[in-house]
Every structure is written in C-alpha cells, then in structure tokens.
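With chain A held as given, fit chain B onto it using these hints.
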Amino acid sequence: MIGMTLEPPRTRELVHLSDEALLSLVASSDEDALAELYDRFGGLAYGLALRILRDDALAQDAVQEAFLSIWRTADRFLAERARASTWILTIVHRRAVDLVRREDRRRGEPLESAPEPAAPETVEEEATLGFQRRVVQEALRRLPPEQREALELGYYGGLTQSQLAERLGQPLGTIKSRTFSGLARLRELLAQAGLEESFSN
Amino acid sequence: MADDVHALVGPYALDALDDGEEVTFEQHLALCERCREELAGLREAAAALAYGAPSAAPPPELKQRILAQARAERPNVVPLRRRRNWTAPLAAAAAIAACAAVVLGIWAASLQNSQDPFENVLSKPGSRLVSMGAAGGVAVAPDGTAVLAVAMPPAPSDKTYEAWVIQAGKAKPAGLFRGREGTSIVEIPRPVPSGSVIAVTLERKGGVQQPTRKPLAQSERVTT
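As they're listed, the protein sequences go chains A and B. 1 is the number of the first residue of the first sequence in my numbering; add one for each residue after it. 202 is the number of the first residue of the second sequence in my numbering; add one for each residue after it.
Isolated chain A, as found in the complex (with noise of 0.2 angstroms):
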C-alpha cells in the first residue's frame, strides 16, 4: 500500500476490517476506528448534507454532530440487523433534515424553494462519478416522475410530508404512498443493478 509507512499500525490494520466490526470498536470507545469511520463516510456524509443544506458550514455541523452522535450511540446500533452504511447514513441525513427546518424557521422561509434540477454531467464529473453515484442516479431517473419527485423533494429537499403536500399540490395520504412506493421501487432498482453489495462494503 502506498504510503502505508506514514500511517500508523492500527489505522492500516482497520482498513480491513468491515463496516460493522468498525462500528462494534467504535461502540467501546476506538477512536481509531472512528477515525477509520469517517474516512470511509465523511466525503459521502459531507456531500449529502451539502446537497440538503447548501450551506458549507452548516453542512460541518451537520457531519460533526452525526459523527459525534455516531460515537455515542453505536452500542445501540449493535442490537439491530440493519447495515452499518444504512445506519450511518440515517445518522446523517436525520442531521442534515434537523438543521435545514432549523434554519428555515430562524429566517421564517425555506432556504431554496427547490432543490436543483438533475444538472446534465460535464466530461469531467462523468469521469470522476463513482459507480455507486451513477447507478443510484439511474435508477432515480427510472423511476415514475411523481415518485422520484416526491423521493427528491423529501430526502434532499429535507421536505415534510405536508411541505410536500402542498408543494406538488397533492393530499397527504397520495405524498404517504408516493414516498412509500417511491423507496420500495428505488430498493427493486437497486437490487436489480446489483447494488446490494457494492454497498454493503
């Protein structure tokens, strides 16, 4: 490994070891690993709550208070039999949603009135997009319009459920139903792409 002598020991050994054993090690207090943790998810982390807040300083706030509640927190992640990067991300975006309707209430308005369109990629985003990027990105696009809208409004919009009703101009139980329809068809997307496990580690 490039660079392996600049690091120290226990840093290049975590490096191995799965999101979940991570996590275990965080659980009693590792902050290797919870340094590990963060070099695994704090780009990802970083560029969803930027994508939410759009704001770079509150998008810090909300990756440090994520990580942070991360380290508190992770013995209860223990107990359950989701992934580590579904729980992580969970973490993440609730932080990012928490803070934005924060904000939005301090100045009496929402911070944008809508999230950007799906700006077309230039030659040289094409290039660097991860795979996992592209194909989440695809599979959005399959999705019917009404759900994808709903899907986008709500998890990068950081959108409730009654913003959104009146947002698409819609009754609550039709914004109850997209959402669900709209993540359970997302997940068949997914898995059909094969993305299960390219994201599982």
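Honestly, the hints are just simulated from the structure, not real lab data. Please read all numbers here as calculations on a predicted model, not as lab measurements. Keep in mind that the hints are not guaranteed to be accurate.
Which residues of chain A face chain B? A partial, calculated answer using Cβ under 10 angstroms [said to hold, decoys possible]:
hint: 1; residue: Asp19
hint: 2; residue: Ala35
hint: 3; residue: Thr86
hint: 4; residue: Asp98
hint: 5; residue: Glu146
hint: 6; residue: Leu168
hint: 7; residue: Gln192
Stretch-level coverage of chain A by chain B, calculated; a stretch enters the list once three of its residues show a Cβ under 8 angstroms from a Cβ in chain B [to be verified]:
hint: 8; segment: 67–74
hint: 9; segment: 152–166
hint: 10; segment: 177–191
Virtual Cβ for every residue (Gly too), placed ideally from N, Cα, C.
Structure of chain B alone, referenced to chain A:
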C-alpha cells in the same frame, strides 16, 4: 386508509414526518413487526440516495474537530488495548463494565500476526464483535464462521477449556483449548447461528460432550 398509522412508514423512512408525528409512529413501530420489516427495506433504499448527492470534499480540519471532540467526550475507560501483553489479572479486568476494552487489548496484541483468524473473521462484510464480558469476545461473520479471543490462564494439566455453542438451551461442543498467558485465539469448528450464545467451561482433560461446570465466560446473544 390515508390516516392509517402504518402509512407513515414511507415518510418516516425519508425523515419527512412533521413535528410530533415521529413520536406517534415510533410508538407504533415498537409494537408492529410488519412496519419494522418494511422500514428496514425502505431505510436501505433511502440511505442509498446519499450516494446520489454530488460529491464534495470536506475540509481536512473537520475530521480533526470531530476526533478532538470525540476524545474529549470519551468515557473514562483505561486504554487497556494499548497493552501488548495481556497480563492484567482477570479480577481487575472484571471491574470494567464493558468488555470492549479488554477485547481490544487482547486483539491489539493479536494484530501482530497478519494471518490472525480473529481478524480474518472481523474483516468479512457484516461481521460483528460480540462481548464475552471481561474474558474477551467472539468475532462472528454472517456465514456463522466464528473465532474467540479470550484471556484464560493455562488450564491445570488434568483439565482443558471447552467452548460451546448454545442454542435453544442445547449446548454443542465447539473445541478444546489449553489457555495461556495472554490471549487465546480459538477457531470455532461449527457454524455459530444468529440467536446462539458462546460459552467456555473448564472440563476434564480430553473434553466432554455436555458441560459439567458453570461457564467461566459467556457471550451476549449473537446477532448477525
């Protein structure tokens, strides 16, 4: 039925419930197996959406801030895992509520060996580290492969340690070991299913088919 509480599972998985609804739904969730199952799948799909956000590199100081804060909050646990040789008396180790520091002490020592079966199991996707109290822990992979890392002093010459896989009240023999100063790494020769417990007893030399003594160490229930 639109106001059915089950129907909140979709918005909940997206973190899109309004103030107050979450408490209602979480109370329901505790009682509703169907919703818990559905939620697990929907959460996985929702979390995958994180990968769809544009990538962005966080500033390097963010990592340092997080680690500094984590260190400041660290519970007052003796960093036993830094010990290279496991020589602390078990009595002292037993004083530590969580096994983890002990397990890690043992494990850090074991990392010297890159062929360490314990680490091999821990490196499998989905593997878990299950506490065995002060004695150590057991690494279990989703396929049931398991390896013990326990601190057990050398057994008397007419005795042996015996490991057990206990499921539904039945104990099955899972290997003999002698114990040593330091950490014993013991590969469990049979699959360890979810819901079982691993235990270690001291038995007569040659081992027995059913445990005759109370366990010296027992794991928490294995979930994989």
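To see whether the hints hold, each was checked on the structure:
1. Asp19: holds, 8 angstroms
2. Ala35: The hint holds - Ala35 (chain A) has a Cβ within 10 angstroms of chain B, the shortest such distance being about 6 angstroms.
3. Thr86: holds, 4 angstroms
4. Asp98: Because about 8 angstroms separates Asp98 (chain A) from the closest Cβ in chain B, which is inside the 10 angstroms limit, the hint holds.
5. Glu146: It is violated, given that the least Cβ distance between Glu146 (chain A) and chain B is near 13 angstroms, above 10 angstroms.
6. Leu168: violated, 12 angstroms
7. Gln192: Since the shortest Cβ distance to chain B is 12 angstroms, the answer is violated.
8. 67–74: As far as the segment 67–74 of chain A goes, the hint holds, because 4 residues have Cβ atoms under 8 angstroms from chain B.
9. 152–166: As far as the segment 152–166 of chain A goes, the hint holds, because 9 residues have Cβ atoms under 8 angstroms from chain B.
10. 177–191: Answer holds; 11 residues pass the 8 angstroms Cβ test.
In terms of the numbered hints stated before, the structure departs from hints 5, 6 and 7, listed from lowest to highest.
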